[in-house]
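K.L.:
Here is what each chain is made of, one letter per residue.
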Amino acid sequence: MTTTITAATERAMARETGLQQQRVRAAFWFLAPMLLMLFFVAAWPLFRSIMFSFTDADANNIFSGGAEWVGFENYLTWRVRENGDIRWRGVLADPDWWNAVWNTVRFAIISVGLETVLGLLVALMLNAEFKGRGLVRAAILIPWAIPTIVSARMWGWMLNDQYGIINSMLLSVGLIDSPIAWTARPDTAMIAVLIVDIWKTTPFMALLMLAGLQMIPRDMYESAKIDGIHPVKVFFRVTLPLLKPALMVAVIFRLLDALRIFDLIWVLTPRSEGTVTMSVISFQNIREFGDYAEGSAQSSLLFLIILIFVGLYIWLGRVDLTGERS
Amino acid sequence: MTASSIFWNVMFYIGVALVVLIAVFPFYYAVLSSFETGTDLFRVNYLPQSWDFSNYETVLGRASFLRSVLNSVFVATVTVLAALLLAVTASYALARVRFRGRGLLLLTILAVSMFPQIAVLSGLYELINWLGLYNTPWALIISYTIFTLPFTVWVLTTFMRDLPVEIEEAAIVDGASPWVIITKVFLPLLWPAMVTTGLLAFIGAWNEFLFALTFTIDETQRTVPVAIANFSGASVQEIPWGPIMAASVVVTVPLIILVLVFQRKIVAGLTAGGVKG
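Protein chains in written order, with this note's numbering: chain A, 1 to 326; chain B, 327 to 603.
Hints listed in this document are in silico derivations from the structure and should not be mistaken for laboratory results. Treat each hint with caution, since some may be false.
Only pairs whose alpha carbons sit at most 20 Å apart, straight line, appear in this in silico SDA-like list of lysine to any residue [what the hints assert, rightly or not]:
| hint | chain 1 | residue 1 | chain 2 | residue 2 |
| --- | --- | --- | --- | --- |
| 1 | B | 510 | B | 487 |
| 2 | A | 225 | B | 334 |
| 3 | A | 131 | B | 499 |
| 4 | A | 225 | A | 214 |
| 5 | B | 591 | A | 137 |
| 6 | A | 225 | B | 335 |
| 7 | A | 244 | A | 134 |
| 8 | B | 591 | A | 215 |
| 9 | A | 225 | B | 328 |
| 10 | B | 510 | A | 29 |
| 11 | B | 510 | B | 499 |
| 12 | A | 244 | A | 125 |
| 13 | B | 591 | A | 214 |
| 14 | A | 131 | B | 332 |
| 15 | A | 233 | B | 340 |
| 16 | A | 131 | B | 333 |
| 17 | A | 244 | B | 334 |
| 18 | A | 225 | A | 129 |
| 19 | A | 131 | B | 487 |
| 20 | A | 131 | A | 214 |
| 21 | A | 131 | B | 331 |
| 22 | A | 225 | A | 124 |
| 23 | B | 591 | A | 134 |
| 24 | B | 591 | A | 142 |
| 25 | B | 591 | A | 211 |
| 26 | A | 225 | B | 331 |
| 27 | A | 131 | B | 597 |
| 28 | A | 131 | B | 589 |
| 29 | B | 591 | A | 139 |
Computed spacing ranges between beta-carbons, pair by pair [as the list claims (entries may be wrong)]:
| hint | chain 1 | residue 1 | chain 2 | residue 2 | range |
| --- | --- | --- | --- | --- | --- |
| 30 | B | 587 | A | 129 | 21 to 29 Å |
| 31 | B | 351 | A | 113 | 51 to 59 Å |
| 32 | B | 521 | A | 241 | 32 to 40 Å |
Every residue, glycine too, gets a C-beta built ideally from N, C-alpha and C.
With the sequences and hints as input, model every part of the structure.
P.N.:
As C-alpha cells, this is what we get:
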C-alpha cells in the first residue's frame, strides 16, 4: 500500500519537475530577444564608451579605428617640468569638471529635497476628501505631461529679463527693484533651473506618495482620532513610518534622474557656468568639440558615481526595489 | 463647526487653489502668448487681449516643423511597438516562472533604465555609424530602446505578477504550452496594462532630447523637441517667442488630452514603474 503511494507521489513529482524544467527552458527563450537587444543597445555601447575613455579617440580617428590606448591619461596624468614643478592634467585635475560635479550634486540634492517635501504636502492634500479632488489631481498632472523642452521654453519666456511675467510680478509687489536676467546671470541660473524642475516633477512625486498614502488603512487614523492624538503627532508617528518604503523608492528614482539631468539645462540656461552639469560638459566634449576621449572619461565617471551611489543606497537602506519580497 | 475648524477649512481650500494655479498657470500663459503678436506679445497681461492666429500660421507653414512632427510620431510609434513586442514574453518569464537569478536580472533591467544616457553616448554613436543609421529615424528608434524596453518589461512584470495563479494553473492542467498561455490566457488580460505602458513609453520617446540632438543633423530628420529647442528667428538676438509658444502648444495639447483621458491608468502605471516618463 505504502509503496504505491510513494510511487504515485514520485511520479507526480517527476512530472512536476519536468514541467518546471520545461517552463524554465521556455522562460529562457522568452527572455533571449529582450536580453540580446539590451546587450546591443546598452551593454556594448557602455563598454565601448568606457574603452574610449582610455584612448585618444577624437572626431578624426574614432570611426577608422585609429584611436590609440593611452591608459589613464584622460583621467589624470602629470608631467615634471624642468624647474621641478609638477603639472597635473586630465579630467580629475580640471576645474571645469569639478564645477560640473558641484553643480550636479547641488542641483540633485536641492531639487529632490524640495520635491519630496512639496510632493508630500500635495499628496497629503489629495489624500483628504474634498469636493473637486479629481479635478485637482487632473490639474497637477499637466506639468508632468508637458515635454521638458517645452517647459524649458515656456519658463524661459516667463523668466525673460525684459518681457517676462515673473519679473513683472516681482516688480509690482516690490520684491525686486529692477528686472533680473534669471537664466543668463551665473548666480540666478541655477535658481531658474530649480524652479522649472520642481514645478515639473513635484506632481510625479506627489502621485507616487499618494499611492503610498492610500495603502495606509483608514481605521489607523480613526483610532488615533478616538484616542485624541494630535494630528501632527499622528503624521510623524503613523503616516511617515508607514510611508517610508514608498518614499525611499520615489527618492532614489528622482535622485538618479536628477544626477543625469541634461535637456532642461541645455535649453533653459545654455552655456551657463552656473548650471553646467556632468552630462552637459560630457556632451559638449563629445558632440561639440569632437573630443570623444575626454567626453567619455567624464561620462564614465558619472556612471561610476551613480553606480557607487545606488550600491550604497540599496545596501544601507535595504530597499526592496524589485518588489520580489512583498 | 467651531471658528478654528472653519479657519483651517478656508486655509485648506486656499492651499488647494494655490497648487492648481501654480500647476496650470505656465501653460495658460503659453497659450495666451501664442495668440499675441507685435507689441501685445511684449506687454505683460493676465487675460487674453487678442486672438491672432498668425503665430500658428507661421509654425504650421514651416515644412520643417511639420516634418519634425511626423518624425516624432513615426519614431515614438515604432519604438513603442517594438518594446511591447519584446517585453510581453520577457515579462511573462520574469513574473510567472521561478528560476535562479531572477531577482538579479530584474534589478539589472531596472538599472539599465535608470543609468545616465550620456554614459553610452559615444559607444552608441560608434554603433549607429557602423550600422549606417546616422541621421535617420532608425538611429533614434534603436537608441530609445534603452529606456523604453526596460521600463515596459518592468511595468508589465509587476502587472503580471498580480494576476491570480489559478488562471494559469487551469491552462497548465489542460496541457497548454507556455506560448499558448501567453497568447491565449495572459494577452487578453494584459491589454489594459499594455495600453498604459505603451502610452508612457510613447510619451518618453516623444519627449526624448539627448539622443535626438546627437544622432540627427538635418532639419528634415529632427524630432519635435530638437525642432523647438532650435527654433530661431531672422537674427540670433531675435528669439521668435510667439511662434515658439505656438509650436509648444501644438505639440503639448495632444499629450495633455491623452494624459487626462487615461489619467487613472497612467497613475497606476507610474506607481507600478516608479519611473519618470
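K.L.:
Against this structure, judge whether each hint is valid.
P.N.:
Here is what the structure says about each hint:
1. In summary, the hint linking residue 510 of chain B to residue 487 of chain B is supported, as the alpha carbons are separated by about 17 Å, within the 20 Å threshold.
2. With a C-alpha separation of about 17 Å, the suggested pair residue 225 of chain A and residue 334 of chain B falls inside the 20 Å cut-off, and the hint holds.
3. For the suggested pair residue 131 of chain A and residue 499 of chain B, the alpha carbons sit about 50 Å apart, so the restraint of at most 20 Å is broken.
4. With a C-alpha separation of about 18 Å, the suggested pair residue 225 of chain A and residue 214 of chain A falls inside the 20 Å cut-off, and the hint holds.
5. Taking the CA atoms of residue 591 of chain B and residue 137 of chain A, the gap is about 13 Å. The hint holds against a cut of 20 Å.
6. The straight-line distance between the Cα atoms of residue 225 of chain A and residue 335 of chain B is roughly 18 Å, inside the 20 Å bound, and the hint therefore holds.
7. The suggested pairing of residue 244 of chain A with residue 134 of chain A is violated, with an alpha-carbon distance near 25 Å, which exceeds 20 Å.
8. Of the supplied pair hints, the one linking residue 591 of chain B and residue 215 of chain A holds, its CA atoms being roughly 17 Å apart against a limit of 20 Å.
9. With a C-alpha separation of about 17 Å, the suggested pair residue 225 of chain A and residue 328 of chain B falls inside the 20 Å cut-off, and the hint holds.
10. A C-alpha spacing of about 18 Å is found between residue 510 of chain B and residue 29 of chain A, which places the hinted pair at or below 20 Å, so the restraint holds.
11. The hinted pair formed by residue 510 of chain B and residue 499 of chain B meets the criterion: a straight-line CA distance of about 15 Å does not exceed 20 Å.
12. A hinted pair counts as satisfied when its Cα atoms are at most 20 Å apart, and residue 244 of chain A with residue 125 of chain A qualifies at roughly 18 Å.
13. This hinted pair checks out: residue 591 of chain B and residue 214 of chain A have alpha carbons roughly 16 Å apart, not beyond 20 Å.
14. A distance of roughly 16 Å separates the Cα atoms of residue 131 of chain A and residue 332 of chain B; the hinted pair therefore holds under the 20 Å criterion.
15. For the hint linking residue 233 of chain A to residue 340 of chain B, the alpha-carbon distance of about 24 Å lies beyond 20 Å, and the restraint is violated.
16. Proposed proximity of residue 131 of chain A and residue 333 of chain B is supported: the alpha carbons are some 17 Å apart, at most 20 Å.
17. Between residue 244 of chain A and residue 334 of chain B the CA atoms are separated by roughly 27 Å; this puts the pair beyond 20 Å, and the hint is violated.
18. About 16 Å separates the Cα atoms of residue 225 of chain A and residue 129 of chain A, which keeps this hinted pair within 20 Å; it holds.
19. At most 20 Å may separate the alpha-carbon atoms for a hinted pair to count; residue 131 of chain A and residue 487 of chain B exceed this at roughly 35 Å.
20. Of the supplied pair hints, the one linking residue 131 of chain A and residue 214 of chain A holds, its CA atoms being roughly 18 Å apart against a limit of 20 Å.
21. As the CA atoms of residue 131 of chain A and residue 331 of chain B are separated by approximately 17 Å, the hinted pair is consistent with the 20 Å bound.
22. Only pairs whose Cα atoms come within 20 Å are accepted, and residue 225 of chain A paired with residue 124 of chain A is accepted, the gap being roughly 17 Å.
23. Our distance criterion of 20 Å between C-alpha atoms is met by residue 591 of chain B and residue 134 of chain A, whose separation comes to about 14 Å.
24. Between residue 591 of chain B and residue 142 of chain A, the direct Cα distance comes to roughly 15 Å. Compliance with the 20 Å bound is thereby established for this hinted pair.
25. Distance check on the hinted pair: residue 591 of chain B and residue 211 of chain A sit about 13 Å apart at the alpha-carbon level, within 20 Å; holds.
26. Restraint check: the Cα-Cα separation between residue 225 of chain A and residue 331 of chain B comes to about 15 Å, which is no more than 20 Å; the hinted pair holds.
27. Among the hinted pairs, residue 131 of chain A with residue 597 of chain B is inconsistent with the structure: their alpha-carbon atoms are about 24 Å apart, more than 20 Å.
28. In summary, the hint linking residue 131 of chain A to residue 589 of chain B is supported, as the alpha carbons are separated by about 18 Å, within the 20 Å threshold.
29. For the hint pairing residue 591 of chain B with residue 139 of chain A, the CA-to-CA distance comes to about 16 Å; that is within 20 Å, so the pair holds.
30. For the pair residue 587 of chain B and residue 129 of chain A, the supplied restraint of 21 to 29 Å holds, since their beta-carbon distance comes to about 24 Å.
31. Roughly 24 Å separates the CB atoms of residue 351 of chain B and residue 113 of chain A, a value that falls outside the hinted 51 to 59 Å.
32. At roughly 35 Å, the beta-carbon separation of residue 521 of chain B and residue 241 of chain A lies within the given 32 to 40 Å, and the hint holds.
Violated hints, listed in ascending order, are 3, 7, 15, 17, 19, 27, 31; each of the other numbered hints is respected by the structure.
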